[in-house]
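Asker: Listed below, chain by chain, are the residues.
Number of protein chains: 2
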Amino acid sequence: MDRKEFRDLASPETAREAIESLSLEGGIERVPLEDARGRVLVARLDAELDVPGFDRASMDGYALRARDTFGADEADPARLAVVGEVHAGEEPDVALEAGDAVEISTGAVMPSGADAMVPVERTDRVERGSTADGNGGAVSDDGDAVLIRTSVAPGDNVMFAGADVAAGERALGPGTRITPRDVGLLSAIGVDEVPVRSRPTVGIVSTGDELVRPGEDVDSARGEIYDVNSYTIAAGVEDAGGEAVLYPHAGDDQDEMERVLREAASECDLVLSSGSTSASAVDVIYRVIEEQGELLLHGVGVKPGKPMLVGRLEESAYVGLPGYPVSAMMVFRTFVAPALREAAGVPEPETATVSGELAREVRSEQGRHRLLPVGLVERGPTPTADGGRKGADETGETLVYPVDKGSGATTSLAHADGVVEVPAETDYLEAGASLSVSLFSPDVRPPSILGVGEDDPTLNRLLDRLTNPRYLSVGSRPGLRRLREGTPDIAVVAGPLEPDGEVVELGDWEREWGLVTRAGNPDDIDGLADLVDRDLGFVNRTTDSGLRTSLERALATLADDRGVDTHDLVDAIDGFDVALRAHESPARRVIAGEADVAIGLADTADRLDLAFVPLGTQSVRVLANPDRTAKAGVCDLESALVELPEMR
Amino acid sequence: MDRKEFRDLASPETAREAIESLSLEGGIERVPLEDARGRVLVARLDAELDVPGFDRASMDGYALRARDTFGADEADPARLAVVGEVHAGEEPDVALEAGDAVEISTGAVMPSGADAMVPVERTDRVERGSTADGNGGAVSDDGDAVLIRTSVAPGDNVMFAGADVAAGERALGPGTRITPRDVGLLSAIGVDEVPVRSRPTVGIVSTGDELVRPGEDVDSARGEIYDVNSYTIAAGVEDAGGEAVLYPHAGDDQDEMERVLREAASECDLVLSSGSTSASAVDVIYRVIEEQGELLLHGVGVKPGKPMLVGRLEESAYVGLPGYPVSAMMVFRTFVAPALREAAGVPEPETATVSGELAREVRSEQGRHRLLPVGLVERGPTPTADGGRKGADETGETLVYPVDKGSGATTSLAHADGVVEVPAETDYLEAGASLSVSLFSPDVRPPSILGVGEDDPTLNRLLDRLTNPRYLSVGSRPGLRRLREGTPDIAVVAGPLEPDGEVVELGDWEREWGLVTRAGNPDDIDGLADLVDRDLGFVNRTTDSGLRTSLERALATLADDRGVDTHDLVDAIDGFDVALRAHESPARRVIAGEADVAIGLADTADRLDLAFVPLGTQSVRVLANPDRTAKAGVCDLESALVELPEMR
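Those sequence lines, one after another, are chains A and B. At position 626 of the first sequence the residue is numbered 626 (UniProt numbering), and the sequence of numbers has no breaks. At position 247 of the second sequence the residue is numbered 247 (UniProt numbering), and the sequence of numbers has no breaks.
Everything hinted at is true.
Residues from chain B shown here face chain A by an in silico Cβ test under 8 Å; the list is partial: (1) Gly162; (2) Gly175; (3) Gly208; (4) Gly215; (5) Gly223; (6) Glu238; (7) Glu350; (8) Ala409; (9) Pro469; (10) Ser473.
Since the hints were made in silico from the structure, they are not lab data. Every residue, glycine too, gets a C-beta built ideally from N, C-alpha and C.
Produce the complete structure using the sequences and hints provided.
Answerer: Printed below as a string of C-alpha cells:
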C-alpha cells in the first residue's frame, strides 16, 4: 500500500485492509519442547529416526521362532529351551537357534534369531532338571525350559522397527499449532526444540498527563485517573497471541512522547498508543508518524474509532486507539486483534463469536459504521408447571442487550461481553433481530445470572456464593423497570416499591437504615429532626435508591406530625439534593469530612467504624422474571437465599 | 474417603470419586495485574475509591453554571466572562461566580462553582477588547468572553465523581476468571495486584530404564526409546490450568525411584507417574504409596487404564498413569484433567467436547469400560451438480473414526483427536451412532482434509501448503480400501492400482522409481537383473506400497523375457521379503550398511546423496471421495495440485 492520507473518513474495510497491509509477523524462533504448547510450527518436521528403533516385544513373555510353535496348543504344548532373558533397556546378549526361547519383557529388544513372541500367560516355565512335559508325561532335560501353549505366526506380538514412525516420514507440517498430542509425537522422534513463529511483540504507549498506573496514588484534585487501557489492551494482545510490552507513561510532553514512540517502534512489531483523550497528544503522534514514518490512514468512518491512525514508524506498524476504555477495546477487538492473530498464526477460536437475539430495539445514527458494546444473558430452560425444568441441558437462546452507560465508563466494559458491528446503512435494529457478537475474549461466558436493582451489602455476600453472576446496581426503581422490560433474570428491590407485572419472589431480608455520622456521634444526632432543625451537612442517595424512598416517607411522616409541608422539611436539609449512587458513598463523604451526616445502612456504619442512628428497617426482596426461574443461576441464588439466616 | 484397597477392579465412577476426593487445590497467591489474565480470583474485590474521583468534563468546552445559559440559543447566545482554563491532569486554580465560564478540556476537573459544561462546538470565543455580541451588536468588555449558543441543565456533559464506579461497590466476585475486560475494571479502581488461586503444581515422574529424554541420544541396540509421556502429560497439565514440574528420570532403580517420588510429593499438589511399562517399577510405586502414604484405589475396570493407582504420599495426591502414550493421554483426559481443572478453577471450555457420528461399527469387549481413541473428519458441504457448494458456511456433520494402530504407537496419538467412553454394558456401537468426543485439548480442530495412502515426497510438499491437513501413510492399497469405506476425503495411489468405486481424480504427478544404492554405485548395479543374478542384500517395501506393485510387475516382465516363473526370480533376491513401510526406510538401511541395494525413488536417492538406478516411472494420483469435493481442504489441495508444475 502506498503512502496515503485520507482527508475524508476511510471506510471500515479500508481500515481493515490498511492494518492487514502492515506486516505484524514476528519472525522465527526456536523454543524447547516443554514451551512448545500453543506455538505455531514454521517448518515441516520429518522423523529423523525409526520409532521404535528396534524390533520390540509388545508384551512380557518369550521371544522365539514362530516355526517352533506351529501345531502347539493347550493340550500339546511346544517345549523350548530357555537360553537367556532380556529386559527393557538392555541389549540382548544371546541369539536364538531353532528350539530356543528367550524370556523377554515388554518393550525389550527382540534377540537376533527370534521372529515372534508368546505372552507369558500362554506359557509354563519348567525348572532345570524337571521332566514335566505339561501333560503328565516326562522328558529329560539339562536346562530351563518353557512350554508354549499356542502357535504364533512370524511377527506376532512384535512391533517392528519403524512400524510406528519410519525415518523420513512427515511428522508435523508448517502452521501446526502444537497441542499436547503433537508434543507427544515430537517427543517420540526425539525432538527437543522446535522452530516456531515468534509472537508478534506489541508496544503499548499510554499518553496523557492525567493518567496514573494502577498501584500508584491518584490525586483526584488534579483530575488524575488510573490508566485503564494499557493493561487492558496488553491482556487483549496476549489473548490474541501477541506479546505485550508496556512502555513508561509519556505524559503530554511532546519530546518525551516522541522518544517513547520511537523506542517502542524500534523494539516492537506493532505499536499501539492509547489512553490520552487530549488533542495535543494525538497531534504529536500524528506529526511523528507523518514526518518520520508513513501515514496510511487518518480517520475512519466508525463510531467510536473515528480518530484512528494507521501507519508505520521505523520498522514497526502503528495503530492509534481511542482513549475511552470501551471504545479502545472495541476498536482493538474489531480491527487489531484479527490482524494480530493472523500474524501469530493463532486462529480465532470458534468460541470468540456467539450469536444471539437482540433484547431491545437499537436506533443508530445513519452514515457511520457503529461498534455497539453488548452484554449477553441466556434465557435458560423453560420452567414447567411443577417448577421443574424442561430439558436439563437446554440453555435457551442468548439475548444480546446493548450496554449504554457511555464510552467513558469503565463499568460498561465490565458489563459488556463483546461488540456488535452495525453497518453504516442500518439505522434501526428491531428487538429480536439475530446478531453475531464478537466477544472481547474467547474466555468470556454469559453470566450465570443477570441481576439489576438496589445496591446492598447482604446481596454482595449472596452474589459471592454464585459462579459468574453479573449485577448492575442501577437502583430499585430502574431495576423494576428493567425486569418488566424482560432483559434481566432478577431485580433486587429495597423499601416500599411494588412491581407492576408478574414476578416470582425468590426471598427477602431486612436491613436497618438510618443516619451515619462520625465515630462516637460527636454532634449528638438523635434522629431525623436534627437534620431538619440543625445546621448539619447531609449527603443523600439518588431517587433510584430504596433508601431514598424510605427517607422521603419518614420525612412525610415527620411533616404530618408537625402539620407542615414535606417540601419545607426537605428545603431545610442542607445537602438533601446531594444524591450519590452507591450504598457506601454517602458514608464515605462523612469519613472524608465533606459532610456531617449521611443516609446509610447499619451494616455500612459498622463496616466503616462510623456511628449509626437507626430510623427504621426496610425489606430487600429478590424478584425473578417468571420465565427464568428454571435457570441454574437463578436456582442457585434461591438456594443461597434459603441459607441466608446461617450466613448472617 | 477412608483408606481402602480394591482387590477387585474399581468402577470408573469410583475412580473419579477417589480422584475428586484428593485435594488438588494449590492455595492462594498474589499476582501483579499484568499477569492476572486467565487467573481465578479467590476473593471479592470492592472498589476502594470513586471512579472518576472528581466531577469530570466529558468534552472540550466551557464549564459554567447551567442557570447562566437558560434561554440561550444560536440566535441569542449567553455571553459569559472567561475567567480561566483547566486541562486534564491539572488542579483548577479558579472558582466560578455567576456569569463566569472556564475553558475546560476533556477529562479535566470541573472547577468549583460550575455545575455543567457546554461543548466548544456550541460556543464562540470573543477576544479581549472585542465588542461583538455575536449578532452584530456591540457590548463593551474588558476581558475574554465566550458566547454560549445553547442552554444546558445542571449535570450536562459532566461525569460526577463515583458515577462510573462508587467506592464500596462490588467490582469482581470470587471465582471470576480474569479476562482482559476485567483487567480494565481492576485498572480503573487502581488495583495492581490480585489474590488468585495458585495453579495446582503437578510433578511428573517418569520411570523405566529404557526411557531417554528427547534431545539426548537413544541407543536402539539397548532398546532405548524416547520418553513420550513426560512432555505430553506436562503439556496436558498446563492445558488444564496446572503447572507441570518434570522430575529427573528415575530409571528402574528402586531407591532412586522412591527418592524422586518423595521429593515430588513434598513439592507438588499432585504427582503423576507414567512412562514405565515394567512391572517392577509399578511394584515399587505401589509399595511406597501403600507403606508410606495412603492407597485409595488400585486397579480400575477400564481399558486401557486397568493398573491405575490412586492415593496420597506426603501432602500430595498421587495418580499412576498407564505407560503407553495413547493410554496415558486417554486416562489423563478422562480422569485427571477434570479434577485439575476443578482445582485450578478453570472450567473445561465447551470446545473441549464435540459430538459426531461414528464412521464405522465398533465391537467392544463386554464387562470393561472402554476408552476409545478416535479421530475426527468433517463431511463438509454437499457438492452441487455444477461443482459448487451448497451453503458456504455449512461444514457438514463430524464423522468420528476409531484410531486403532495399537496403544503402543505414538502415531495413533498424532492421529487421534480425542477419546470416546464406551460403557462396560455396551458391546457394540453401530456405524452412524451419535457420540460425544472428549478432545485431547480444546485447541484440537478436525483436520481440514483427511488423506490416506501412499507415502511420497511430492505429496509431503503439497501437504505443507495446506492448513492443518492429516495424512495417514498406510500404503496405496489400504488407502483405496479406506476411501471406498467412506471415512477419508482423499486417497493417494501410486502405480497401476485402480479404484473399484466412484472417485474424483483431483490430479497426479509422475515419480521415477528404481534401485537406490551407495553413493557412486560401487557395486556397479545396472538394473533388476543384478538383484536376481548377483549376491546383493536387498530391502523392499511392504505389499501395500505402490512401489512394491511396480517392482513385482517389472519382475514379471523379466521372468517372461527369461521364460521362467516369477517366483524363481523372487526367491533369488536376498531380502525380497524385508518389507519396510515408508518410502525412505529402505534407502536408510543402505546408509546404515544393512543392505546393498533398496527399492526407492529418484527423489529420495537425491535427497540422501545415494546412487540411483532407474527402473521406471509411475504415476501418483490423488483420488477424492465424490461427496467431499466441496470441502475447503479438498479444494485447497486441488488448487495446490494445479500449481504443482511450478513447485517442483
